[in-house]
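J.: The chain contents come next:
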Amino acid sequence: MLTIKRVETVVSINQQLDQAPGCGRDCLGNCCIPGAKLPLYTFGVKRTSGFNKRAHSGSDDHCVPEDTGDSDDYGNSDSQQDNYFLDELLLAQWEDRMVRGLFRYDVTACETKMLPGEHGFIAQLNEGRHLQKRPTEFRVDQVLQTFDPKKFNFTKVGQEEVLFQFGPSEDDISEYYEKAPVLASPNVVAINVSPIEYGHVLLVPRVLDRLPQRIDQDSFLLALHFAAEANNPYFRLGYNSLGAFATINHLHFQAYYLAAPFPIERAPTTRVAYGRKKGGVKVYELTKFPVRGLVFEICNSMEDLSEAVSNACIYLQNENIPYNVLITDRGSRVFLLPQCFAERQARGEVDQEILDTQVNPAVWEISGHIVLKRRTDFELATEEYAWKLLAEVSLSHERFEEVKAACLKAAFEQNSEVVLADTDGFSTVLSNGGTYNCVERANPTLKGSQKTNSSMDAVVPGNHGEGLSVEG
Amino acid sequence: MSLGSTSSGVPEKLKMDGGSGGRSGSFGKRRPAKLEELVESLSRAYNEKIGHALGQHEYNFVLSDPRLPDHPIVFASEGFLRMSGYERDEVLGRNCRFLQGPDTDRGTVVEIRDAIREERACQVRILNYTKQGAPFWNLFHMAPIFASDGRVIHYVGVQTPIAPDLASQAVPVELPAEGVVEDGAVSSELEDQTPVEMRLNGGGEAKVDEEDDAEPAMVNEDLKKKAALAVQRVTGELTQSCRVEGAVLQNRRVGLSDCAANGVVSSSLMLSLTRIQQSLVLADPSLPDTPIVHASDVFCELTGYSREEVVGRNCRFLQGPDTDPEAVREIREAIQAEKPCTVRILNYRKDNTPFWNHLHVAPVRSATGKVAYYVGVQLDVSDADIPMRGDTMSANAKQLSAVGVVRVAVRSLQGSGLRRSFKTPQPN
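Each protein sequence line maps, in turn, to chains A and B. Position one of the first sequence corresponds to residue 1 (full-length UniProt numbering), numbered consecutively onward. Position one of the second sequence corresponds to residue 1 (full-length UniProt numbering), numbered consecutively onward.
Take these hints with a grain of salt, some might be off.
Stated by the list, open to error - Derived DSS-like pairs (lysine-lysine); straight-line CA-CA distance at most 30 Å:
{"id": "1", "chain 1": "A", "residue 1": "K373", "chain 2": "B", "residue 2": "K339"}
{"id": "2", "chain 1": "B", "residue 1": "K131", "chain 2": "B", "residue 2": "K224"}
{"id": "3", "chain 1": "A", "residue 1": "K46", "chain 2": "B", "residue 2": "K131"}
In case anyone wonders, no lab produced these hints; they're calculated from the structure. Computed from a predicted model, the values in this text were never measured in an experiment.
Just chain A, with the same shape it has in the complex (with noise of 0.2 Å):
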C-alpha cells in the first residue's frame, strides 16, 4: 500500500466541523432535504442526433469559431445559441455567495501573473487556500475506492453553499426555476469555499446517491453539458481520480473561470488516426508539454464525445491508473492525462525542491494553473520550475504508449461490457450505452442490474412519485 501525507483541501465550511445526526444545518442530507427548496436550471437537449451545435457555439469575449449552415437543418433556434443565462446565473451566485462571506478568502485579493516564456504559466500567490492542519494520510494506489459515509461527503454541504440543480429539460429549451423542490435525485452545483480562482464550483452529479469519485457514462455527459451551456470558453471543467490529488470520494467535477488560455490549451497536437468515423470524435496527442496526454474533441455529437472519453476514464479506473480530465472549449475539448507523481512520490522518486514547493500536480496544475503557498515560491517561480514540476507528473514515454493503446482501444469498442468490480467484491455490470430516459441511444444495452438513477433523469416536476409535488 502505497500513502502519501497532504493536507487537505477545505472545499466547504461543514468539512471542518463534526457533525452530530440530526444536524440541524440544513445540509443535504436526509435531516435536511424534505421540504427544501433550491434553484433549479435545466438545460435543453438535442433529442434528434446530428450535429450538436451548441458545443462549438455562442458568441466569445473574443473572436471565437462557431459553426456554419443554417439552424433550420438542425432545428435549433439561434436564441438558444446564444444563451448565456447559466452563465450569468452563475456568476451571479457566486458574487451573491460573496457579498455574504462564504469564502474563506477572497480568491481576486490573491496576486497571480502569467510566468515569461512562451507557453504561459499562470502562477498565483495564496497562502489561505491551505490549511495549518497536520497533513493526513492518502491511500495512492487505489483508484477505485468504496465510498465511507463516515467520512466528509458533498450530502454534508450547507444548503446556502448549494448554488443550483442542474439536470436535463424534457425538451430542447432551457429553464430556470427560482425555487423548486429538491428533486429525488438531484445534482447539484455547489461553491468551493477555498476557490482556485473566481467562480469556483463543484459539480456533483446524483449527489444524494452518494457515488465514489469514479466516472461513469451519464455523469461525464453531465459534465459536458455544464459546460457547452456555460457556453464560455474560459469556465473550465476539471476531474481528479482518487490517486491523482481527488480529497474527497464523492463523486465531483470542478469548475471555476479564468480569462486566460492554459498552457495545455495551446500545446500543440498531433493527430492520432483512431476513430473518426467510428467514433465519431478526433483524437489528438499531445506535443512539446511537459504532461503526455490525448486531446478529445468533438465532430458532431456531444454524446459521441462523453461515451469515447468515459470508456477511455473507465479503462483507467479499472487498471488502477490515477488520471485527471480537462474540459475546455465550451465541452467540445477534453484533455485526458494519466498520471503517476502521487505514486513516484511516495516511492522517494520526486525531487525534494519540488515538493518543498508543496503543490499537489492536480488537473489545474497540469493544465498550467498553479497555486503557490509561500511567497518566496511564488516570487522565483519560472517556466523552468512549472515544466519540472509536471515531468515529474507524466508517464514515461514507454508506458504512455501502452496505456494510450489501451485507452483508445476502450474509448471506441461498440457494444462492450466493463465489468466493474468493487473492492468488497460485487461486480456492477455497465453497458456502453448508458441510461438516458428520454433519448432513444442507438444502442441500448440495458442489463437488469442498471436501474439506480441517472444524473441526466429527465426533470419533470413530480416525476419521481414519492408525492414529491412542485409549489411555488
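Place chain B on chain A using the hints.
T.: Relative to chain A, chain B alone:
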C-alpha cells in the same frame, strides 16, 4: 426576497429572455452592434477616402472593431465576399467566426482568441467554410492597428486560401525592403510590444485519418510572405488614411500597463465589458477624483448622457438637490473600506429628471490583487418600491452577474494582466 407562486402551484419559472434592452437590460442575451456604430467605427478613425483606398486592393480582408459588442466586422473587401460567398449585409456586424465550422481545429481557434486577448498579430492555417458549406484551407493573418494612446482601433484580418495543389503556388512576390515599414510609422520599443507570431498551426505533421473530409494543405514560404505583404499594404492604407495625422499606427506606442495608468480601457478588456447588458460604470481610484473610465450603453440610455460626456468625470454628477447625503456617505465609506455596498439613491438624468437608482458598488481587483476599479451597477427602480420581479432574474441578481463578469475580465485583462510578455528584438 421570495417571488411567491403562481396560482397553478407550479414554481415560478423565470423566462430566460428578459426582452430586448429596456431600462434594466436583458439577462442571458447579448446585443449585436448597431449599424450606426459600424459606420462610425470607420468614420471616426479614417477620412472619407478610406473606402476608395481599401477598395483598390484585390486582397480578401476584413476590418473588425474589438470595442464594439462581439467584435464585429466593420468592413469587408470585395475579395472577401467573393471568397466566402456571402453578401456584404450578411457579413457586416457579425463576428467572423461564421467562417468556421465542424472540422475547424479547436487549437487554432484558441490561438486566434489569444492573439486578440494579447492584442498582437497572428498567422494561422485554419479550415474555413464558404456560405455554401464548402471547406477550404485558409492562411489567416491578423494584425491590430493602434491609436496613439495605445488602444486597438481595429484588427485587420487577411484571408489567403491555400490551394490543395502545391505546385501552383509558386507565385513571385514583391516584398518590401527589410526593416522598412511602408507607412513610415516609427516602431517604438516598449516592454509590451510583441513580435508577429508566425507560427502556423493545424497539425502540419499530423498522421491523419483517411476518413477526414479535408486534406490539410501545406503552406510554403511564398504564401506566407504574400499574406504578410497583404497585411502590410492594408495597414499602410489605414495609417495613411487616418482622419488625424499620426493617429493610427501599426505599432503600439503605449504599453498595456501604461494604458491602464492613463485611464484607457484596453480593447481586450472592453470586449468583455460590452457583453454586459446592464447599466454600469467603471471608475478608477488611482486617478485623481476617481473618474469614470467606462460607461455602458445602457448607462447612457438610462441617464441621457453620451459616453464622451461621462468618461473622465466622477459620477457625483448624477447627484442632485434631493439626493440623500446619507446614501452618498454610505457609498464613500464603502469605497474607503474597499467593500461592496448597495444603496437606493436619488439620481438625476441629463435633463434633470430624477430617478431612484438601486445602486450596487463594488471594488474590483486586478491580477496584482489590488483594487483596480470600482464598478457601479445602476437600476432604475422609480416605478416600484421594490426591485423588479416577474419575468427576469431578480434585479439584485442581475447586478451581481454584471459584477461577476467584470471581476473575471479585470482580473486577467486589466493592465498587463495575465498575458505573455515578449521582448522586442533590437533593430540594427
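J.: Next, verify each hint and record whether it holds.
T.: Hints, one by one, checked against the model:
Between K373/A and K339/B the alpha-carbon distance is near 25 Å, which keeps this suggested pair within the 30 Å criterion. Between the alpha carbons of K131/B and K224/B the distance comes to roughly 25 Å, so the proposed pair stays at or under 30 Å and holds. Our distance criterion of 30 Å between C-alpha atoms is met by K46/A and K131/B, whose separation comes to about 24 Å.
Hint violations for this structure: none, all hints satisfied.
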